[in-house]
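A.B. asks: Single-letter residue listing:
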Amino acid sequence: MTQTLTVREALRDAMAEEMRRDSNVFLMGEEVAQYHGAYKVSQGLWEEFGDKRVVDTPITEHGFAGLGVGAAFVGLKPIVEFMTFNFSMQAIDQIINSAAKTLYMSGGQMGCPIVFRGPNGAASRVGAQHSQCFASWYAHCPGLKVVSPYSAADAKGLLKSAIRDPNPVIFLENELIYGRSFEVPTDEDYLIPLGKASIVRPGKDVTITAFSITVGHALQAAEQLSDLGIDAEVIDLRTIRPLDRETIIRSVKSTNRLVSVEEGWPFAGVGSEICTMICEEAFDFLDAPPVRIAAEDVPLPYAANLEKLALPSVEKIINAVKTVCYK
Amino acid sequence: MPIKILMPALSPTMTEGNLVKWLKKEGESVKAGEVIAEIETDKATMEVEAVDEGTLARILITAGTEQVAVNTPIALLLEEGEDPATLDSVPAPQVKETTKEAPSKAVAATPSVTALPVKELSPQKPRAANAGDRVFASPLARRLAEHTNLDLQTISGSGPHGRIVKLDVENAAKSTTSSPTLTFGDSEYFDIPLNNIRKITAKRLTESKQQVPHFYLTIDCNLDALLALRTEINARMDTEKLSVNDFIIRSVALALIKVPEANVSWQETSLRQYQSADISVAVAIEGGLMTPIIRSAQSKNLRQLSQEMKSLAEKARSGKLAPEQFQGGTFTISNLGMYGIKHFGAIINPPQACILAIGMGEQRPIVRNGQIQIATQMSCTLSVDHRAVDGAVGSTFLAAFKEFIEDPLRLLI
Numbered sequence: 001m002t003q004t005l006t007v008r009e010a011l012r013d014a015m016a017e018e019m020r021r022d023s024n025v026f027l028m029g030e031e032v033a034q035y036h037g038a039y040k041v042s043q044g045l046w047e048e049f050g051d052k053r054v055v056d057t058p059i060t061e062h063g064f065a066g067l068g069v070g071a072a073f074v075g076l077k078p079i080v081e082f083m084t085f086n087f088s089m090q091a092i093d094q095i096i097n098s099a100a101k102t103l104y105m106s107g108g109q110m111g112c113p114i115v116f117r118g119p120n121g122a123a124s125r126v127g128a129q130h131s132q133c134f135a136s137w138y139a140h141c142p143g144l145k146v147v148s149p150y151s152a153a154d155a156k157g158l159l160k161s162a163i164r165d166p167n168p169v170i171f172l173e174n175e176l177i178y179g180r181s182f183e184v185p186t187d188e189d190y191l192i193p194l195g196k197a198s199i200v201r202p203g204k205d206v207t208i209t210a211f212s213i214t215v216g217h218a219l220q221a222a223e224q225l226s227d228l229g230i231d232a233e234v235i236d237l238r239t240i241r242p243l244d245r246e247t248i249i250r251s252v253k254s255t256n257r258l259v260s261v262e263e264g265w266p267f268a269g270v271g272s273e274i275c276t277m278i279c280e281e282a283f284d285f286l287d288a289p290p291v292r293i294a295a296e297d298v299p300l301p302y303a304a305n306l307e308k309l310a311l312p313s314v315e316k317i318i319n320a321v322k323t324v325c326y327k
Numbered sequence: 001m002p003i004k005i006l007m008p009a010l011s012p013t014m015t016e017g018n019l020v021k022w023l024k025k026e027g028e029s030v031k032a033g034e035v036i037a038e039i040e041t042d043k044a045t046m047e048v049e050a051v052d053e054g055t056l057a058r059i060l061i062t063a064g065t066e067q068v069a070v071n072t073p074i075a076l077l078l079e080e081g082e083d084p085a086t087l088d089s090v091p092a093p094q095v096k097e098t099t100k101e102a103p104s105k106a107v108a109a110t111p112s113v114t115a116l117p118v119k120e121l122s123p124q125k126p127r128a129a130n131a132g133d134r135v136f137a138s139p140l141a142r143r144l145a146e147h148t149n150l151d152l153q154t155i156s157g158s159g160p161h162g163r164i165v166k167l168d169v170e171n172a173a174k175s176t177t178s179s180p181t182l183t184f185g186d187s188e189y190f191d192i193p194l195n196n197i198r199k200i201t202a203k204r205l206t207e208s209k210q211q212v213p214h215f216y217l218t219i220d221c222n223l224d225a226l227l228a229l230r231t232e233i234n235a236r237m238d239t240e241k242l243s244v245n246d247f248i249i250r251s252v253a254l255a256l257i258k259v260p261e262a263n264v265s266w267q268e269t270s271l272r273q274y275q276s277a278d279i280s281v282a283v284a285i286e287g288g289l290m291t292p293i294i295r296s297a298q299s300k301n302l303r304q305l306s307q308e309m310k311s312l313a314e315k316a317r318s319g320k321l322a323p324e325q326f327q328g329g330t331f332t333i334s335n336l337g338m339y340g341i342k343h344f345g346a347i348i349n350p351p352q353a354c355i356l357a358i359g360m361g362e363q364r365p366i367v368r369n370g371q372i373q374i375a376t377q378m379s380c381t382l383s384v385d386h387r388a389v390d391g392a393v394g395s396t397f398l399a400a401f402k403e404f405i406e407d408p409l410r411l412l413i
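Top line first, the protein sequences correspond to chains A and B.
FYI, in this note's numbering the residues of the first sequence are 1 to 327.
FYI, in this note's numbering the residues of the second sequence are 1 to 413.
Isolated chain A (complex conformation) (with noise of 0.2 Å):
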């Protein structure tokens, strides 16, 4: 059984349907409650379960974020919202300190089962401060999870899975694609395990891996390139970390090349990644060198002109994908 949903729709009952199943799970952040949320992803939330579970903090993302790792040490299940990644910069202390390390630091004794989630990425012509993808940060750092769903499916069942997950889990929504409709299953265990890519379109010819709001952008490419005799395989990571290398590599032992596409930048980026690994593990497979597309290597050009050029696009995936297979 499924219903359409968008993916706003889906995060919301993801939460909903944890907090009911569990009353350690509580959500916090700034107007999550009265006003739902920036993004209205917390719709009902509030009116479900009371100011005690949902709440409304003031603007101050170390601070909050600070009050959410301390409850997680304790045994509560905090799910703190920033109003978009871009403000999880005041918190990256608490967050890289505080919540990745412990678990290490503590010889185990204490964890810290958080999720961090909202808004990464750009959206549309809000400037460079608030238009940057946090996936390669965060999936830098040892004692996180990163998770970026794409479908509302996805987004429903990694969410899930991140409010259950012992860990600290990084999950990054994106603005743009909170408003799109996918089917999502009705079991309220639809669980989908964090670290698990899924082959979204199979193909032969090559490999193109996304995250986010690119595995959109790589779908589209896919059908373009087909009308050109090139037959992709998208994979949507959905995990960043662990990365679900398994998954990649054996796509790339059998079409023999490869395209990855974040929203980040390139330097040390997600791609830069996936095309070590790539090397390390599948050399002798390649018929091509990797190649990464990222966004350009700039703070986000405010200009609408200029950020459609500074991002990945469906036209930049296509010639990538040209270029490896020799077309």
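Mixed in with the good hints, there may be bad ones.
[Claimed, not checked] Cβ pair distances, simulated, as ranges:
1. A/Lys322 - B/Phe136: 14 to 22 Å
2. A/Pro202 - B/Leu23: 40 to 48 Å
3. A/Pro142 - B/Lys21: 47 to 55 Å
4. A/Thr276 - B/Ser270: 54 to 62 Å
[Stated by the list, open to error] Taking lysine to any residue pairs in the SDA-like style, the calculated list, with each CA pair at most 20 Å apart, reads:
5. A/Lys101 - A/Gln90
6. A/Lys204 - B/Arg143
7. A/Lys316 - A/Trp265
8. A/Lys204 - B/Glu170
9. A/Lys196 - A/Pro185
10. A/Lys322 - B/His161
11. A/Lys204 - B/Lys199
12. A/Lys204 - B/Val259
13. B/Lys241 - B/Pro260
14. B/Lys174 - B/Arg163
15. A/Lys40 - A/Ile59
16. A/Lys322 - B/Gly159
17. B/Lys199 - B/Val20
18. A/Lys253 - B/His147
19. A/Lys52 - A/Gly70
20. A/Lys253 - B/Arg143
Bear in mind the hints are in silico, worked out from the structure with no lab data behind them.
All C-beta atoms in this analysis are idealised placements derived from N, C-alpha and C, irrespective of residue type, glycine included.
Following the hints, put chain B in place on chain A, whose structure we already have.
C.D. replies: Same frame as chain A, now just chain B:
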């Protein structure tokens, strides 16, 4: 520890070779001195013998692998009672890497394998690895080529900077297995892969023609007396017969001893004059040309020369010449008379200074004492490296050669 069997340096110029065939399988026992593999070097296919006794536990370089650098481990040998688990402690060899060691050192550093004895033969320079020979191919293309036994050197790459990619290897495999004919423009053609002999021949002769200042001296020799003597001798021999070529080899050998200034090689800083006439004789073989050597030809009689030449030619055709049988030599003879060639100019075989091109013996009108007569004449052209030999020396040599040919009884002394 398992004993590593290394890629042997089977000749002084060898930096890498092709592993043609394994004569032993993994798990088979090997005795010292037994032939375990065949290796194709610059010019010949040679056998590799085991030194140690044991079990051929693991083959590291599979048959058909090309360009295996000297000293690369090619197999592992376990002595009796050794634990096979120790095999995994030996890292896999890196194929395609060229050793930079001097070849003579490389021989010394190969204790596990008995190569055929390699002497310091002629003063040939070691062939340096040339960066320009690097073939660019994707990792996948390299692997596919290895699986399909295709030589990457023979495939042209369609990728950036001429990189050979999967598609190129697949097309090459198709063209070798199915119809070899491709169309290009209006004319049909197919590409023949180069074997090692052709590659080396091309390289050396290009160097020779570009670097050695050639000049040419032609002389006509009368063969009537030689042919008559040959008929008489052959009538007295049982099964084997002497050929005109045997007389020519002996004449050249004796002429070289008589005119040692022509038995030389150019050494950049000096001129090396040889005491012995080691004569390279060009032999056409399938897919190329070999020059096996008759050493000290001046001290061998016609019958010995004839027998040795037959045996060398046979070995050359079957690719079984040992390095000392084709490397070195002080002078070369190339005879195309049997093809009806009147005369030709051969390319010098460096570092030798001279090569003698023998044309066909034929009846021609000649003028003798004011009379036109019919005589069997043979035109011979000496190609000379002018750095080492001047026109007068070359002419003196040819005159001496002509004397032996025209007064062949002297060849019997």
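A.B. asks: Out of the numbered hints, which ones does the structure contradict?
C.D. replies: 11, 12, 13
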